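Please dock the two separately framed chains into a single complex, following the hints provided.
Same order as they appear, the protein sequences are chains A and B. Under the working numbering, think of the first position of the first sequence as 1, with each following residue one higher. Under the working numbering, think of the first position of the second sequence as 1, with each following residue one higher.
Hint data in this document are derived by calculation from the structure and do not stem from the laboratory. The structure presented is a predicted model; accordingly, all values stated were derived computationally and were not measured. Beta carbons: idealized from backbone N, C-alpha and C, even for Gly. Certain hints may be false.
[As the list claims (entries may be wrong)] Chain B stretches covered by chain A per the calculated footprint, using a threshold of three residues with CB under 8 Å from any CB of chain A:
#1 166-175
#2 235-248
[What the hints assert, rightly or not] Taking beta-carbon pairs under 7 Å as the criterion, some of the chain A residues facing chain B (in silico):
#3 Thr53
#4 Ser72
#5 Tyr77
#6 Asp86
#7 Thr88
#8 Ala89
#9 Ser91
#10 Ala98
#11 Arg104
#12 Pro108
[Stated by the list, open to error] Derived Cβ-Cβ restraints for the label pairs, each shown as a range:
#13 Arg120/A <-> Tyr264/B: 30 to 38 Å
#14 Ser136/A <-> Leu8/B: 36 to 44 Å
#15 Arg104/A <-> Tyr264/B: 34 to 42 Å
#16 Ala149/B <-> Glu113/A: 18 to 26 Å
#17 Gln188/A <-> Ala263/B: 46 to 54 Å
#18 Gly61/B <-> Glu113/A: 20 to 28 Å
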Amino acid sequence: MTSALQISDLTLSLGGHEILSGVSATIDEGEFIGIFGPNGAGKTTLVRCIIGTLQPTRGQIEILGVTPGQASLQIGYMPQGHGGFDSTALSARTLVEAACHGDRWGIPWTSRESKQEVDRVLEVTDAAHYAHRPFSVLSGGERQRVMLAQALLGSPRILVLDEPLASLDPKNQALLIECVARVKRLTQTTILFVAHDMNPLLQVMDRVLYMAGGGAVLGKLDDVVTTASLSRLYGFAIEVVRVENRVFVVSAEGNVTESECDHHHHD
Amino acid sequence: MTSLANYLGYEFVQNALIAGTLAAILGAIVGYFVIIRNAGFAAHALAHIGFAGAAGAAILGLSSLEGMLLLTVGSGLFMGAAGDKVHRNDLAIGMVLSMSLGLGTLFLSLYSGFAGQAKAILFGNIFGVSGSQIMEMIVLSLLSMAGLAIFSRKLLFASTQPRLAEARGLSLPALSMAFMTVLAISVTLASQIVGILLVFTLVIAPAGIALRLCRSFWRGILISVALGVTAVWIGILMDCVTGYPATFWITALFFVLYIIVEAYVRFVAKSDR
Numbered sequence: 001m002t003s004a005l006q007i008s009d010l011t012l013s014l015g016g017h018e019i020l021s022g023v024s025a026t027i028d029e030g031e032f033i034g035i036f037g038p039n040g041a042g043k044t045t046l047v048r049c050i051i052g053t054l055q056p057t058r059g060q061i062e063i064l065g066v067t068p069g070q071a072s073l074q075i076g077y078m079p080q081g082h083g084g085f086d087s088t089a090l091s092a093r094t095l096v097e098a099a100c101h102g103d104r105w106g107i108p109w110t111s112r113e114s115k116q117e118v119d120r121v122l123e124v125t126d127a128a129h130y131a132h133r134p135f136s137v138l139s140g141g142e143r144q145r146v147m148l149a150q151a152l153l154g155s156p157r158i159l160v161l162d163e164p165l166a167s168l169d170p171k172n173q174a175l176l177i178e179c180v181a182r183v184k185r186l187t188q189t190t191i192l193f194v195a196h197d198m199n200p201l202l203q204v205m206d207r208v209l210y211m212a213g214g215g216a217v218l219g220k221l222d223d224v225v226t227t228a229s230l231s232r233l234y235g236f237a238i239e240v241v242r243v244e245n246r247v248f249v250v251s252a253e254g255n256v257t258e259s260e261c262d263h264h265h266h267d
Numbered sequence: 001m002t003s004l005a006n007y008l009g010y011e012f013v014q015n016a017l018i019a020g021t022l023a024a025i026l027g028a029i030v031g032y033f034v035i036i037r038n039a040g041f042a043a044h045a046l047a048h049i050g051f052a053g054a055a056g057a058a059i060l061g062l063s064s065l066e067g068m069l070l071l072t073v074g075s076g077l078f079m080g081a082a083g084d085k086v087h088r089n090d091l092a093i094g095m096v097l098s099m100s101l102g103l104g105t106l107f108l109s110l111y112s113g114f115a116g117q118a119k120a121i122l123f124g125n126i127f128g129v130s131g132s133q134i135m136e137m138i139v140l141s142l143l144s145m146a147g148l149a150i151f152s153r154k155l156l157f158a159s160t161q162p163r164l165a166e167a168r169g170l171s172l173p174a175l176s177m178a179f180m181t182v183l184a185i186s187v188t189l190a191s192q193i194v195g196i197l198l199v200f201t202l203v204i205a206p207a208g209i210a211l212r213l214c215r216s217f218w219r220g221i222l223i224s225v226a227l228g229v230t231a232v233w234i235g236i237l238m239d240c241v242t243g244y245p246a247t248f249w250i251t252a253l254f255f256v257l258y259i260i261v262e263a264y265v266r267f268v269a270k271s272d273r
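Same shape as in the complex, but just chain B (with noise of 0.2 Å):
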């Protein structure tokens, strides 16, 4: 335990905990919307989306971060206007995904510099995350948080019925953009994190488990949150303890704890329901 207190003595590992708790918090509470709009498949594509903006902001000049979000949001928007329908815009996902990782291949290729660069975007470097990037991604965090804020009210009813929600008057297109711009922008947190190919881990897996569990909204945000950022501390902890990477843990905490929920609400909580 003495090693333990050495290793959160470290700026790095510091970093890492603020940025890590910071990305699993947003990841949690997007992600909880996610699950219930059932937008699995814009999350995962908006993460590799954000390689091309990672690849494309090597050439441009920009950080890496800059051109994820830039390319990231963009296509939220994209997304949300092409998919009115809520649950049926697979293909406008699709093909804007496609032309994304073909625009990061062409990126790679006129710039050989960046792939070195690559690996990192891709698998996270949770350890090099740096004083001025974090105050960026606190930044970003209350400009997401606060847009929730201001519409999740109207994102919760529009996400459960959304014939009742029209119904009423809200604008399913509209939110549906909101949302995406918000859910580009805590998927870009999430993968400095632990890289764009394991975005998922933050942003679906806490709430999936939390939604599997609680009936009521707060309760599933609450528990949402308390997973992800006890997943992420627990990962950074048994990285500097034991070597290996703080994403394995991660991804191995997340997986145990969903076979274990998974089999509770399946044979154990049955019969109450």
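Okay, chain A solo, but in the shape it has when bound (with noise of 0.2 Å):
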């Protein structure tokens, strides 16, 4: 069976600096991997090479056994942030619409068939009913599921959302998980969630890619978010606290460099 994602000896450089360097990792396909790490780790980084935006400085990605670029439309994508539309009344459904086949020639006509694949994904995040609204007048929790409905057009086999939780309040974010885990369930696709705090996706995920110090460690919670694990992974002594179901990653020095109130934005 051909793997999700084989990522071998990936070396990663922008603008001369290096951000990861020999990172492998092999995810099966109908995996929910939840990708963590520190700012600067460069999670959007191997995002991007994923979706095949970046190419690699050596080594090489291949999904589902082909190119990031064969692959593209494979790959459902859910970019960190979303802006603009301030001064539009262009509604949440048009967006949709627009990115529904959006790479081809023509005009921007939607067919039946499309009209019909935008209402689904709509329904399967629970978006439906709020769709025909302005996108400038939604809420962050009501964007982001719009995102994600953006992101299963085409049923792809794999989806790559890059930080869907940031900005967030915790009744958003487990609804966002939700629908992700529910995709995850009835169709087997592959899910790789970036996020900055893994408590939210301690029940729904499979494995964990920690990325730290220009590396990553893939696998299961209770193997790679261990004391001992980390602090090689970082290159300095790092201590995991466990409290109540929860896990925190704290430097030996005592700041708590994952946690629950720990969402600032950054792009």
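Written out as structure tokens, the structure reads:
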């Protein structure tokens, strides 16, 4: 069986600065992978490499046995943040329709099949009942469910979600995670879920890709997020603290590097 | 009303209406993309760049339309290529704009005969459109519309969700250059009617108002075109009747409409949103 994602000896540089070096990982189809790490660990850089907008400096990424460019229709992508449209009345639905086969030539005509596909994805993320409203007036949680719906167009086999929980309150975080978990359960879609805090995902993810210090480790939460494993990855003393089924990654000096209340947005 | 019907019998009024309609339709459609791409500054700059083109054309013996087209399309391509980050190319636009205005000044000083024509180019001369100019305008409108018919689907996607579009394999710089070419053509056309200083009226106003109101793409385009064409017709006819310039009537109409729409969106439609 081909794996969903095969990363071999991947090295990535941006502007002469090495972000990742020698990262290898194999992710199977249907896995829910949480991708974590401190700011600047290269999470978004890795995402850009997976969706094919950034070329590796060395090594390679294979998606479903082919290059990221060839697999682009098999990947549903939800970028970090969403701006603009504040001065327009464009509805959420119009934005999703524009994304549906938006890579084709011609005029932006939405065929009946496309309309049905847009209806379907909006239903899946529970966004159908407000999709007629202008995107600019939606709440953060509502916007994120529209962006998730968009990523589901064409039923991709891999979903790449870049910090979809950023700036959402716990209730909306839970709603979004429930949507993603449902998609995974129903369609065996592989999920790559980048997040700042791992606690909201503890119940739904199968494995963890933890990135820090230019490297990354992939494995079960209990094997990867440990004091020994993360100290090795960071290159200095790290402590993993568990409190009532919550996990906190703390540097030995006592600064929390990952925490529930640490959701500042960065891009 | 009989006097209005009389005016419609004059060829220069008919030409004005035809040329105005063409410029309004193209401006309204291209303007829609200008608004969602936040490219208002580029549209503004291209119009002013056209001035240098027109001034240079006088020296080279080209028509001012040809001179404007040459320089605006060239600058549009440059701006598109320099600003691959959709919304972050203000510096590139500013540099091309100031260079062009500098050239315009030089050309004006080299060829003093142009000074009289300059006013027409800056403020428009809607009743001075000739039959051959209308033919040129029809050809250019058709070319621009054909271009949009080919790539507007990609353009809409790339304009609303650049990062998603990139991940789907669309080239943002290539689309940007293609769009800037079409924008350059429509800005040049619009400036034939309302003049360089007021191109905003036809390229920004109808689409901006339509996008404030309309939630779907096609309704937005339709409303934008309807607003543009209606305003141009009313403006031209009011010019005939009152003697005050059409450009004034067109801009005044749009401004009043803008105030009404803005008030409606802020105070009336708010509860529904």
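Checked hints:
1. With 5 residues having a beta carbon nearer than 8 Å to a beta carbon of chain A, the region 166-175 of chain B meets the requirement of three or more and the stated coverage holds.
2. Look at the region 235-248 of chain B against chain A: 0 of its residues bring a Cβ nearer than 8 Å to a Cβ of that chain, fewer than three, so the hint is violated.
3. For Thr53/A, the shortest C-beta to C-beta distance to chain B is roughly 5 Å, which falls under 7 Å, so the interface hint holds.
4. Interface hint at Ser72/A: satisfied, since its Cβ lies 5 Å from the closest Cβ of chain B, which is below the 7 Å cut-off.
5. At a threshold of 7 Å, the smallest CB-CB gap from Tyr77/A to chain B is about 5 Å, leaving the interface hint in force.
6. Given the 7 Å rule on beta carbons, the hint for Asp86/A is violated: about 11 Å separates it from the nearest Cβ of chain B.
7. With a cut of 7 Å, the hint placing Thr88/A at the interface with chain B holds, because the nearest CB-to-CB distance is about 4 Å.
8. The interface hint given for Ala89/A holds, since its Cβ lies 5 Å from the closest Cβ of chain B, which is under the 7 Å cut-off.
9. With its C-beta approaching chain B no nearer than about 4 Å, Ser91/A sits inside the 7 Å limit, and its interface hint holds.
10. Annotation: interface hint on Ala98/A holds; nearest CB of chain B at approximately 5 Å, less than 7 Å.
11. Checking Arg104/A against chain B: minimum C-beta separation of about 6 Å stays under 7 Å; hint holds.
12. A hinted interface residue such as Pro108/A counts as satisfied when its beta carbon comes closer than 7 Å to some beta carbon of chain B; here the least separation is about 5 Å, so the hint holds.
13. Distance hint check for Arg120/A and Tyr264/B: the Cβ-Cβ separation is about 34 Å, which falls inside the suggested range of 30 to 38 Å.
14. For the hinted restraint 36 to 44 Å between Ser136/A and Leu8/B, the CB-CB distance of approximately 43 Å keeps it satisfied.
15. Judged by the Cβ atoms, the range 34 to 42 Å given for Arg104/A and Tyr264/B holds: they are separated by roughly 36 Å.
16. In this structure the hint that Ala149/B and Glu113/A lie 18 to 26 Å apart at CB holds, the actual value being about 21 Å.
17. The given range of 46 to 54 Å is respected by Gln188/A and Ala263/B, whose C-beta atoms sit roughly 52 Å from each other.
18. Taking the beta carbon of each, Gly61/B and Glu113/A are about 55 Å apart, not inside 20 to 28 Å as hinted.
Figure legend: structure checked against the earlier numbered hints; hints not met, in rising order: 2, 6, 18.
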